[in-house]
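> Here the sequence shown is numbered in UniProt numbering, starting from 1 and rising by one per residue.
Take the hints with a grain of salt, since some may be wrong.
[Stated by the list, open to error] Have a look at the derived ranges for each label pair, beta carbon to beta carbon:
(1) 433 to 278: 39 to 49 Å
(2) 131 to 248: 26 to 36 Å
(3) 400 to 172: 11 to 21 Å
Since the hints were derived computationally from the structure, they do not count as laboratory data. Cβ coordinates follow ideal geometry from the N, Cα and C atoms, glycine included.
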Amino acid sequence: MRCFFRRAFSCRYYHQLRVFLIAGEPSGDVIGSRLMASLNQLHPFGLKFAGVGGPLMEKQGLTSEFPMDDLSVMGALELLPHLFKLRARLKQTLVAAEIFQPDIVVAIDSKGFSFRVLKQLRAKCMEQQRNIPLSILYVAPSVWAWKGGERQLWKWIGIVDHILCILPFEESLCKQNGLAATFVGHPALEDAFFDSNRANSWTLKWHIEGDKKNFFSSHGLPEGTTLLSLLPGSRLQEVKRMMPIYRETLEILKDDICNLTVTIPTTFSSQLIQKIENEITKWDIPVVLLPGATLKQKYDAFNASVVGLCTSGTIVLQMQLARLPCVVAYRANTITEWLVKRSTQLRYMSLPNILLDAPIIPEAALSDCTPSRLAEMLRRLLCDDALRQEQIFAAEKVLRKLGAVDSERVEACQSGKQITKPSIVAARTILNLFETKG
Numbered sequence: 001m002r003c004f005f006r007r008a009f010s011c012r013y014y015h016q017l018r019v020f021l022i023a024g025e026p027s028g029d030v031i032g033s034r035l036m037a038s039l040n041q042l043h044p045f046g047l048k049f050a051g052v053g054g055p056l057m058e059k060q061g062l063t064s065e066f067p068m069d070d071l072s073v074m075g076a077l078e079l080l081p082h083l084f085k086l087r088a089r090l091k092q093t094l095v096a097a098e099i100f101q102p103d104i105v106v107a108i109d110s111k112g113f114s115f116r117v118l119k120q121l122r123a124k125c126m127e128q129q130r131n132i133p134l135s136i137l138y139v140a141p142s143v144w145a146w147k148g149g150e151r152q153l154w155k156w157i158g159i160v161d162h163i164l165c166i167l168p169f170e171e172s173l174c175k176q177n178g179l180a181a182t183f184v185g186h187p188a189l190e191d192a193f194f195d196s197n198r199a200n201s202w203t204l205k206w207h208i209e210g211d212k213k214n215f216f217s218s219h220g221l222p223e224g225t226t227l228l229s230l231l232p233g234s235r236l237q238e239v240k241r242m243m244p245i246y247r248e249t250l251e252i253l254k255d256d257i258c259n260l261t262v263t264i265p266t267t268f269s270s271q272l273i274q275k276i277e278n279e280i281t282k283w284d285i286p287v288v289l290l291p292g293a294t295l296k297q298k299y300d301a302f303n304a305s306v307v308g309l310c311t312s313g314t315i316v317l318q319m320q321l322a323r324l325p326c327v328v329a330y331r332a333n334t335i336t337e338w339l340v341k342r343s344t345q346l347r348y349m350s351l352p353n354i355l356l357d358a359p360i361i362p363e364a365a366l367s368d369c370t371p372s373r374l375a376e377m378l379r380r381l382l383c384d385d386a387l388r389q390e391q392i393f394a395a396e397k398v399l400r401k402l403g404a405v406d407s408e409r410v411e412a413c414q415s416g417k418q419i420t421k422p423s424i425v426a427a428r429t430i431l432n433l434f435e436t437k438g
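Working from the sequences, and respecting the hints, build out all of it.
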């Protein structure tokens, strides 16, 4: 019987594959779109996509069942007003998956939602005696951040077939807790491939050099402008909470920093763009808004900036790729902050500081995140070249931990081949798992 199913899956591999994806965050949309492109590149027999995603995934052929933003909710108290809608979206997603009958399901983020979809879909397939799709979790739960967090991994046993990890220590952590896993590299590193191969060589660094001159001329910025890149977050709730704090921060800072100007690259979310546009009308400081910024626009802005101020997230690694010194901030509602303080086992919130176990990047988290504190951190960073250089020097150490191992980079340099992109590693892993499933 086992051989029969193995032959059946092997036969299905050489035909069009049906892949159902779930992404609820802008970062997940990026990961999903790159995975879809890589799957298409590696699987010559055609693919059909369905599920939930954003504009980048839709460009790769996905028609989202509903707006991805409906899943972009984080925090205990923040979740409550959205419970009814989330239940409805869960039912809608399950119905869509049952109709689509996927060969492979890839859940990228929105872990609570994705867990319920995968669990109920598996149960429904068993009940109806249908083939259970290969279930993949792309991006492991951040259980390492919480006290007793490893126990949360256990609930995924029997629900997912494989976890694609984006941090090097997560693979062994998953395996120690009974889950098959593969480290595929951090998705942020793939930005380095967007317009060149400069990050592919052992002799060159993980570094994206934007075009400062083009940015200044395109936006009419005079010489002597002190440009600050502001990234308020990719979720609407983050932008609503952080923008007033950032406004007060910059009001304090502008009195000490000559010719201060802010640039704000945003995601493609129309709601988020509208909120930011409404907020900056109240600001008494020049702002260059980049709605739905492309990677080139974003990295040009970073290269033109002296420092960055960002809400904690993947954006911190992007600033490291650009060698842009930054300050990281985060606030939540009172109840969520209380829960975080009781539950976290980390000393830092930004990934570079966590990986290096050192406060290389200034952080202002939770109740410590005040305009006066942020302004002081930015002032020190703007006025102290040694502090900026410390971040710049540390960036390569961080980024090398997240990508191809040194031996692969040496081989790539010697052979003239490219280092394999994280999305290619992920796609190859998924296709190999599907081919051998049985």
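> Hint by hint, say whether it matches the structure.
Comparing the hints with the structure gives:
1. 433 to 278: 39 to 49 Å: 46 Å, holds
2. 131 to 248: 26 to 36 Å: 56 Å, violated
3. 400 to 172: 11 to 21 Å: 19 Å, holds
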